[in-house]
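2 protein chains.
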Amino acid sequence: MSPITAEIVTIGDEILYGQITDTNSQWMAEELSALGIKVLRTTSVADTASEIIAALDESLNRSDIVLFTGGLGPTKDDVTKKTLCDYTGDQLEINARAEAHIRHLFESRGLPFTEINRQQAAVPSRCEYLHNAAGTAPGMWFSFQGRVIVSMAGVPSEMKYLMRHEVLPRIRERFSTPPITHRYLKTTGIGESFLAEKIAQWEDSLPSHIKLAYLPSVAEVKLRLTAFGENTEAELDAKVNEVLPLIREYVYATEDISLEEAIGKLLLEREATLSTAESCTGGNIAREITKIAGSSAYFLGSVVSYANSAKLDILKVKSETLSNFGAVSEPTVIEMAEGVQRLTGSTFAVSTSGIAGPGGGTPEKPVGTIWMAVTNGQETVTRKLSLGKDRLTNITYTTRAALNLLRLQLTGKWQK
Amino acid sequence: MSPITAEIVTIGDEILYGQITDTNSQWMAEELSALGIKVLRTTSVADTASEIIAALDESLNRSDIVLFTGGLGPTKDDVTKKTLCDYTGDQLEINARAEAHIRHLFESRGLPFTEINRQQAAVPSRCEYLHNAAGTAPGMWFSFQGRVIVSMAGVPSEMKYLMRHEVLPRIRERFSTPPITHRYLKTTGIGESFLAEKIAQWEDSLPSHIKLAYLPSVAEVKLRLTAFGENTEAELDAKVNEVLPLIREYVYATEDISLEEAIGKLLLEREATLSTAESCTGGNIAREITKIAGSSAYFLGSVVSYANSAKLDILKVKSETLSNFGAVSEPTVIEMAEGVQRLTGSTFAVSTSGIAGPGGGTPEKPVGTIWMAVTNGQETVTRKLSLGKDRLTNITYTTRAALNLLRLQLTGKWQK
Numbered sequence: 012m013s014p015i016t017a018e019i020v021t022i023g024d025e026i027l028y029g030q031i032t033d034t035n036s037q038w039m040a041e042e043l044s045a046l047g048i049k050v051l052r053t054t055s056v057a058d059t060a061s062e063i064i065a066a067l068d069e070s071l072n073r074s075d076i077v078l079f080t081g082g083l084g085p086t087k088d089d090v091t092k093k094t095l096c097d098y099t100g101d102q103l104e105i106n107a108r109a110e111a112h113i114r115h116l117f118e119s120r121g122l123p124f125t126e127i128n129r130q131q132a133a134v135p136s137r138c139e140y141l142h143n144a145a146g147t148a149p150g151m152w153f154s155f156q157g158r159v160i161v162s163m164a165g166v167p168s169e170m171k172y173l174m175r176h177e178v179l180p181r182i183r184e185r186f187s188t189p190p191i192t193h194r195y196l197k198t199t200g201i202g203e204s205f206l207a208e209k210i211a212q213w214e215d216s217l218p219s220h221i222k223l224a225y226l227p228s229v230a231e232v233k234l235r236l237t238a239f240g241e242n243t244e245a246e247l248d249a250k251v252n253e254v255l256p257l258i259r260e261y262v263y264a265t266e267d268i269s270l271e272e273a274i275g276k277l278l279l280e281r282e283a284t285l286s287t288a289e290s291c292t293g294g295n296i297a298r299e300i301t302k303i304a305g306s307s308a309y310f311l312g313s314v315v316s317y318a319n320s321a322k323l324d325i326l327k328v329k330s331e332t333l334s335n336f337g338a339v340s341e342p343t344v345i346e347m348a349e350g351v352q353r354l355t356g357s358t359f360a361v362s363t364s365g366i367a368g369p370g371g372g373t374p375e376k377p378v379g380t381i382w383m384a385v386t387n388g389q390e391t392v393t394r395k396l397s398l399g400k401d402r403l404t405n406i407t408y409t410t411r412a413a414l415n416l417l418r419l420q421l422t423g424k425w426q427k
Numbered sequence: 012m013s014p015i016t017a018e019i020v021t022i023g024d025e026i027l028y029g030q031i032t033d034t035n036s037q038w039m040a041e042e043l044s045a046l047g048i049k050v051l052r053t054t055s056v057a058d059t060a061s062e063i064i065a066a067l068d069e070s071l072n073r074s075d076i077v078l079f080t081g082g083l084g085p086t087k088d089d090v091t092k093k094t095l096c097d098y099t100g101d102q103l104e105i106n107a108r109a110e111a112h113i114r115h116l117f118e119s120r121g122l123p124f125t126e127i128n129r130q131q132a133a134v135p136s137r138c139e140y141l142h143n144a145a146g147t148a149p150g151m152w153f154s155f156q157g158r159v160i161v162s163m164a165g166v167p168s169e170m171k172y173l174m175r176h177e178v179l180p181r182i183r184e185r186f187s188t189p190p191i192t193h194r195y196l197k198t199t200g201i202g203e204s205f206l207a208e209k210i211a212q213w214e215d216s217l218p219s220h221i222k223l224a225y226l227p228s229v230a231e232v233k234l235r236l237t238a239f240g241e242n243t244e245a246e247l248d249a250k251v252n253e254v255l256p257l258i259r260e261y262v263y264a265t266e267d268i269s270l271e272e273a274i275g276k277l278l279l280e281r282e283a284t285l286s287t288a289e290s291c292t293g294g295n296i297a298r299e300i301t302k303i304a305g306s307s308a309y310f311l312g313s314v315v316s317y318a319n320s321a322k323l324d325i326l327k328v329k330s331e332t333l334s335n336f337g338a339v340s341e342p343t344v345i346e347m348a349e350g351v352q353r354l355t356g357s358t359f360a361v362s363t364s365g366i367a368g369p370g371g372g373t374p375e376k377p378v379g380t381i382w383m384a385v386t387n388g389q390e391t392v393t394r395k396l397s398l399g400k401d402r403l404t405n406i407t408y409t410t411r412a413a414l415n416l417l418r419l420q421l422t423g424k425w426q427k
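The listed protein sequences correspond, in order, to chains Y and A.
Just so we're aligned, residue 12 is where the first sequence starts under the working numbering, counting upward by one.
Just so we're aligned, residue 12 is where the second sequence starts under the working numbering, counting upward by one.
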């Protein structure tokens, strides 16, 4: 059975001028996917009748459902409603419930209810009016030539209100959607191509109703298994259990969470705490850890020892160590990690020191030379990276690698 | 003269499944608009040959330039390159420069260079190879039936590298884009609508060949003035000088640099140094400062005192202060800023302490209560924020506000 298909069309010049990022499409696509609906396209077009009509013609040709956001408001540049009305051969009529709602919103704020405001309550006479309790622009649901067209305001809170309360319930009711199930394997410390080689045979063994996707980001690859059809849970779990032994050291989670979240869980399980001593990462490791809600339960603090004086005075790195080996060296990161561990009394401590670039390199220690250490109080492990010349990439990559070194020490998987 | 038109097509199931937000399109649209190119559409399609071909057919019908991102990688689900090659009736050939570059990337990291990696260096023989120094997937530029097709990796840093160094220069060269000149006013500390009110009269006075764009981001609004035509430099400068007195306290730069960069310049001019003491921002201020190349000339370090013990032991905040006023209080942030200033010997120091959320609020200090301080050794200024409930927004907004408080103190513009 072929899946129900949908398209999302965002209307607004501000997106095409690059003035705002469209975040509505991602949210809507996730909600539709969760219902088993296949989103074929997302499109952004200008708010002119001709562009809206062109987008309508194309999407109705391909998809069962076309969802519009934006282009609905009291000002002249909003032409969506008029265009949809003409397209479906209808005429605008004031909707009594919408009028009462908008009038109430204005009067409760002490604002005059003008004719321009009243016209916002007009919708095509044959569409289904969708009540927008979060704002003034009514939603509209058109059944047209065997397809569905939906129009919603572009303000994210209004779009979400209409999707949750009016649109998604109607889609569930009108379409019989096949179920879809996902599993995730979050990996780090291995590149996409090496991962692909390691699991090539397993990947070839997947049945046609199970799809695998590689979703890479900096220093990470997320594997997503998607099964189409009824009762695929056990089959998907079996597939996950088949592939796990092939890549176990690289998998930090079998759910869709970040490495920082996975580390937070590991620390909470062990009732352990963490601190960091950062030079080249400049506080980025601490910032990634503390982005997670609840991190104050296990994160004690960080010393960003950017200047050598901070390494000496706060972390108590020995001046002989700095003069004999330099700030970017194995002995220095060991003393940094052990120094911040003593200072904060944390169970674990992570340290980094390196030449992030673009300047500061030498023939012996070129830009991209990074040292890192993790200590658990008894044992301190270290790792050296030789990265490229881009400062931000080096900071981001070093952060991921240091978090992964911590994960490996936490789980006893670290091997030099 | 009708404008040069372009479309942006993003390839990847992960967007249609709603797993990631497409931020590339916004960035690209802004860059293209700045060249005077009209972006007609942005589209996201699945990474299958048929969807890519359908998108190509449609966009080549409408637009002079079609820019693809995504769908280029070493694994099987990436079909873009093969599809573009077939579409243009070409065949793949290993590009020697690409091969050397990819081989170097792998070997310098001590990784084996496999045949899968080598195949990444293959590009259609008649396309122009675009060198991607930021990653392994080559960019491609096709001249095809009087149109231009460009293909770039979807990783934002790689796309941006290719756009800046290869694509935008070629677009400027190949298309006779009308001469265009920009001026930027970077503002912070004022919302878009208030800013618009303050400069409404000035905006109305702009001649028709000068356009103003408001480009908002978190806690910032970038104003871009664009003049079309020859010899507009002096006219634009005059317009900037007219508007500056209306909004001077909010303008941190009259060039397109970030607030961190502007602060770095101010510190260098004054031969001053900086340190931070961060609680709720968790190292994010230090990370923003140290993202800037050369920041080691003025940034000494940070103490991320997440636990109260770190505030007491490292920053020497008095225990009476914490017990009498709490960690989120004016006296605490004053002692934090002064503590880290003494500890590092920096000229200036910034501190933050707040309840980032979602948990941890009380009736007196709800989630979103934030205190911050800036000291110059003689005088310490403070500010309180009452933000919302979203943790990441609170961290980001507090970081921008603390940097702005530092800027105002540095420039003598701070008024309580």
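What the hints contain is simulated information worked out from the structure, not anything from laboratory work.
Certain hints may be false.
Straight-line C-alpha distance at most 25 Å; calculated BS3-like pairs for lysine-lysine [said to hold, decoys possible]:
no., chain 1, residue 1, chain 2, residue 2
1, A, Lys93, Y, Lys302
2, Y, Lys209, A, Lys93
3, Y, Lys395, A, Lys302
4, Y, Lys233, A, Lys327
5, Y, Lys276, Y, Lys171
6, A, Lys376, Y, Lys327
7, Y, Lys302, A, Lys49
8, Y, Lys327, A, Lys395
9, Y, Lys376, Y, Lys209
10, Y, Lys171, A, Lys400
11, Y, Lys222, A, Lys93
12, Y, Lys233, Y, Lys222
13, A, Lys400, Y, Lys276
14, A, Lys327, Y, Lys329
15, A, Lys327, A, Lys376
16, A, Lys209, A, Lys49
17, Y, Lys376, A, Lys302
18, Y, Lys233, A, Lys171
19, Y, Lys400, A, Lys171
20, Y, Lys400, A, Lys400
21, A, Lys395, A, Lys329
Results for each hint:
{"no.": "1", "hint": "Lys93/A with Lys302/Y", "result": "violated, 40 Å"}
{"no.": "2", "hint": "Lys209/Y with Lys93/A", "result": "holds, 24 Å"}
{"no.": "3", "hint": "Lys395/Y with Lys302/A", "result": "holds, 21 Å"}
{"no.": "4", "hint": "Lys233/Y with Lys327/A", "result": "violated, 43 Å"}
{"no.": "5", "hint": "Lys276/Y with Lys171/Y", "result": "violated, 31 Å"}
{"no.": "6", "hint": "Lys376/A with Lys327/Y", "result": "violated, 37 Å"}
{"no.": "7", "hint": "Lys302/Y with Lys49/A", "result": "violated, 38 Å"}
{"no.": "8", "hint": "Lys327/Y with Lys395/A", "result": "violated, 34 Å"}
{"no.": "9", "hint": "Lys376/Y with Lys209/Y", "result": "violated, 33 Å"}
{"no.": "10", "hint": "Lys171/Y with Lys400/A", "result": "holds, 18 Å"}
{"no.": "11", "hint": "Lys222/Y with Lys93/A", "result": "holds, 20 Å"}
{"no.": "12", "hint": "Lys233/Y with Lys222/Y", "result": "holds, 14 Å"}
{"no.": "13", "hint": "Lys400/A with Lys276/Y", "result": "holds, 23 Å"}
{"no.": "14", "hint": "Lys327/A with Lys329/Y", "result": "holds, 23 Å"}
{"no.": "15", "hint": "Lys327/A with Lys376/A", "result": "holds, 24 Å"}
{"no.": "16", "hint": "Lys209/A with Lys49/A", "result": "violated, 29 Å"}
{"no.": "17", "hint": "Lys376/Y with Lys302/A", "result": "holds, 20 Å"}
{"no.": "18", "hint": "Lys233/Y with Lys171/A", "result": "holds, 23 Å"}
{"no.": "19", "hint": "Lys400/Y with Lys171/A", "result": "holds, 16 Å"}
{"no.": "20", "hint": "Lys400/Y with Lys400/A", "result": "violated, 38 Å"}
{"no.": "21", "hint": "Lys395/A with Lys329/A", "result": "holds, 21 Å"}
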